[in-house]
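Position chains U and B against the provided structure of chain H, taking the given hints into account.
What follows is the residue order along each chain.
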Amino acid sequence: MKLTKTLLATTALTVAGASAHAQDMADSMTLVSWGGAYQESQHKAYVEPYLAMNGGVTATWDESSAEAVAKLRAMNEAGNITWDLVDVVASDAMRLCDEGLAMEIDHDELLAPAPDGTPASEDFGDLIVSDCFIPQIVYSTTFGYRTDMVPAGTEPPSSVCDVFDLETYPGKRSLQKRPIDNMEWALYCDGVEKDDIYDVLSTDEGVDRALAKLGTIKDQVVWWSAGAETPQLLADGEVFMGSTFNGRLFSAIAEQDQPIGMLWDMQSFDLDGWIVPTGLSEDRLARVLDFLRFATDTQRLADQAKYISYGPARASSAPLVGQHATLGIDMAPHMPTDPANAGNIHIYDYEWWADNRDDLDAKFQAWLAQ
Amino acid sequence: MTVTIIQPKPISFVAPVVGIAGAFAGLFVGTAQGSALIGVIGGFVLTAALAFLWLTVLRNERIARWVTTLGMAAAGYLTGGLMGGLVGLIFGWLFGWFIFWLGEGRYRAKLPPYTTPMQVFLHFGFRVLCGLIFFFLITPIVVVMPLSFNAQDFFTFTPEMLRLDPEGYSLKHYRDFFTNSDWQQAMWNSLSIAPMATFLSVSFGTLAAIGLSSEHVPFRRAIMAILISPMIVPLIISAAGMYFFYSRLGLQGTYWGVVLAHAALGIPFVIITVTATLVGFDRSLTRAAANMGANPVTTFFRVQMPLILPGVISGGLFAFITSFDEVVVVLFVGSAGQKTLPWQMFIGLREQISPTILAVATILVTLSILLLSTVELLRRRSERLRGLSPG
Amino acid sequence: MSVTTDTGPVLSADGKPLKRSLNKALRAQKLRALALIAPLLIFVLVTFIAPIADMLFRSVENQIVSNTMPRTTAELAEWDSDTSELPGDNVFEALYTDIFLAAEAKKHTRLGSRLNYEQPGVSSMFRSTGRNVDEIGEDQIKALEDLNGAWEDETFWFTLMTGGDGAEGNPSLLKQQAASLSNLTESVYPADIGFVPGQAISDLLPQTASAYTSFALFSAVDNGDVVAEEEPWAAVKLALIQDLRSGVDLSSYSGPGAAELAEAQDLATSLPPVDFKAGFIDIDEEWADAENWTTIKMYSPDFTSGYFLNAVDYQKTPDGFAPRPEDEQIYNTLFQRTLFMSLMIMGSCILLGYPIAYLLANLPMRTANLLMILVLLPFWTSLLVRTSAWKVMLQQQGVINDTLVWLGLIDEAGRLVMINNQFGTIVAMTHILLPFMILPMYSVMSTIPQTYVRAAKSLGATNWTAFWRVYFPQSVPGIGAGSILVFILAIGYYITPEIVGGTTGTFISNRIAYHISSSLNWGLAAALGSILLVAVLVLYWAYDKIVGIDNVKLG
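Here the protein sequences come in this chain order: H, U and B. Read in order, the letters of the first sequence are residues 1 to 370 in UniProt numbering. Read in order, the letters of the second sequence are residues 1 to 391 in UniProt numbering. Read in order, the letters of the third sequence are residues 1 to 555 in UniProt numbering.
Listed below are the simulated DSBU-like cross-link pairs for lysine-lysine, each with C-alpha atoms no more than 30 Å apart in a straight line:
| id | chain 1 | residue 1 | chain 2 | residue 2 |
| --- | --- | --- | --- | --- |
| 1 | B | 30 | B | 16 |
| 2 | B | 106 | B | 297 |
| 3 | B | 297 | B | 316 |
| 4 | H | 306 | H | 44 |
| 5 | H | 44 | U | 172 |
| 6 | H | 177 | B | 316 |
| 7 | U | 110 | B | 457 |
| 8 | B | 457 | U | 9 |
| 9 | B | 175 | B | 297 |
| 10 | H | 306 | U | 172 |
| 11 | H | 177 | H | 194 |
In case anyone wonders, no lab produced these hints; they're calculated from the structure.
This is chain H alone, in the form it adopts within the complex (with noise of 0.2 Å):
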């Protein structure tokens, strides 16, 4: 760090202008994200820009998110290090933190301040759970279904309970491949209290609670790995209701005029966004801190919200978000963050999931195979 400030600083002194500044930094970055409409937005609302004002520098998309901590692990293991930043969801931010993978950010000298001169850690606020991570969305896990198999003469389902009643709500449903979040909505729907629901699952007996209530509607669930397989189904009609992240439901209803409906109950909050990976040479640090300055101030976070319904993770872009790019809708009512939609929601606790990942990861995955 010394060096690179000292470097800047004779450089600067030297040579004027913004060509001595590029000299530092490499005129490529790899970015790493999930690939699909989130990637895009985020293409749109930050990187063509940034790539805009800089000429020269190129950037590569990497969809590898999903296995970043497998990836960056191997990566460190030898000691040579391709990517610049990575796009991961909050847990996985923290487990990376954990593991020195990631490197420590100060949020106030390297973020943008907000344009009334908020610091930037005071901007995001409870969002940096990491002092790895810098938050770019809040996005949710929830439930859509469709609204043409909804039985005659029934409401359509408004209550996450819905999805564990055949009942009335007859049909396939398709939920993740992971206890996360199934396990908390299969305790809540068993009648425990959301308060206690962190409780209960840390002993044996409600571990198995949950895995029963999953189990009375198992054969007919249809388990995802990618955001992208619940909209499909649900296109396809295969399934009657399937939780996805709402970004991936937004795009299918607003965009693609599917009959799906959101069910808003219950949605799980989660945060999303970037980290720098550790052992990056001085040259690629200083392109990627300059780029994430800019990826992260208020305007461009409230731009990326014109592509996809993910709410922004700064405070101050929430009044700047506006309509969708191309078709012109408002977009706040979309946000998962609306009042109107975060009437009852379940917030997911990133220190009990870390501490107990692995454990239930076991459980779960022998009680899909039986």
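Relative to the frame of chain H, chains U and B by itself:
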């Protein structure tokens, strides 16, 4: 082969057989319309009557077949819209052909004259069975083709598509493939990785195969087993191993890393095909060349190579397609800069379901058909030139 | 040639014994053949065999425990895990040093994840301990720093530990600590880091000198700082307090900081002792659970059979091997399922492939070649496309169900479930692997002379007898070749079951992939992979015995 005399068959045989086939087709039409029984009876009566009419009254094949085809198409259209019309058209053509094929006794044309009716029946029963298996082989590939023209972004036959409504079709996925930089980059990566990998496996593989074909190689079986192993070891194990090992060598995420991995996977195919060709290779030819003063290099390129070239080419094709169609290893060993076509397709399936992958598939299948047909045509041509009669 | 009557060796044209000449020529030929093979053999060994061997090694590798906690594992060797008593204070003190270093190097969570595979809950124990290990001995350190500000001064510490300018150094301690630290951090420590511990001080205060040396190495190399400008870790200060309490005789010491040391010793002896055990249990009461300690001890050797046991649903216990709890047993089921489904796929490939191969082998060349295109076309079409095509075909709103409904064979409510289960995987994989069955069968069948069957028939055999007694036995090698090929390929399949298999139609490979990319349990993935690989190699060996590797033919 003996030429069997083709003679018309009695109508008392033809009409019931056609009728039974008609009843079978009628079963489907009938169930689709609500009553299986009416379908079966209707199908039987209708087709048997047609057979009787065409074979005993009209006796003009061309007119009869046109009438059957168009008539059934019209009937289908009136009951089932465009799709029904299409089905009717196919049924009509089929029955028109079937009636005359059976009635004129053409079905015996290629069978020895002494075959008993039972043998004839078994013969054609077997052919039908094989037809069904071919159907099983080809249908999935044919089915994806229309889907690539889907106007929507999902892998589903929309009602518009089933009605054959032009609204339901579009070329947008093809447009996407040709304009989207990701797809173009992936195409380009595939086209730069596969030939290099093929080159490596073919050049190393051919040399080794020649070495292996010599009679006096020690540990021949063991060496062979090692060289074939990339084909045998489960891909996931190879991929994981290469991932960790190449990371350590700094090859992970580089062009050469992917090329080396793919070359290793392609080697067994080259070894297998080239050694197979060498089995039939006459060693006295190289000895003769050496006798006449050619050095080993000249002997190889002027004598041996031209003769084993077909094996080398087909091994090379296999190696090429292995690299071109490989997704597991490249997912592990490659990084964003080496994103190949199959990788992009895998993303297309997993992260952003998009029928663009079907458009790509259609293009690739079309290319394969062209390639395979060209190879077959060339083969026939060379056979003709060499004076071999096509068997 | 003249007939020689003498009994001497036969000579070749150049007068040397023929036998020797022949041997020489033979040797030259062997060498030439080997020279031709060598490049490829080396290529395959390096690019393919070495990576696999390397990966499989991970299935027994377990250095992580002793590398991360070298002191603790050494102390634990004395502890008897059969008693349900906790290990002694010496172990907890060693644990403190190890965890402190590991937490600085951020390696403790990785060890936690490793041990968590064996004993649920260990992961969070390590994580919370790493976060709070500073709390241990807090009061004592505070008292030391309150006593004299020098103990918070980096320059004072640096001088104390080097023994001042020109003092005799103790490079062997530096070397020893560097070796132990590089096991943990995987960094390379140069000989010169701008610090050498003083000989005098390392004799006097051994623990402190070791701790400070580790600190110096870590600051200089891993953090890239200047040692003299950094205040030492709490662990160094605690080591000092422990050294001083152990009753060292300071009277003969006259190096830098002698006065401060003497003053500190008075304080240290008056303070309550640092209770490491209580400190750890305070941070996480899991440390009071002897079972966790048993796990650590059990997995402290550098090599372990744990992953392999896990791969067959067993686990290590103090009393030997025992089955895992029922709700965590999964791998036997998966192996059996993989085997069963591969057999089903092989069977359906035989049933479907045999007629086609027979037809192709008995048709005129021209027609056979045209039909061969139909076999090769799927073979040449991308695997992903064929798999997604089956998805389109088999799903409940898919082509087959739509057709069946349209034909009225099933009604809207009775749509068949053909995907996300074993049926889906078997159908799709049969389709994908069918060419691998047809091609070897075809190449065998096309060598069977048709005259045999005709001869049999002319001798009065029925169609069936002629086929079953004459043709079929000759085609068996083709079936064998195709079957083993298909079975070997099927057993290791990954992509297709992943996309169409759901939860009941997945293979062991899917689980391996899951452990590599999601759960990060690479050791278990390697163990599962080794078992799978052994199964495949046995088949491969059988194939070689029965068919011969040279006899595989492709088109």
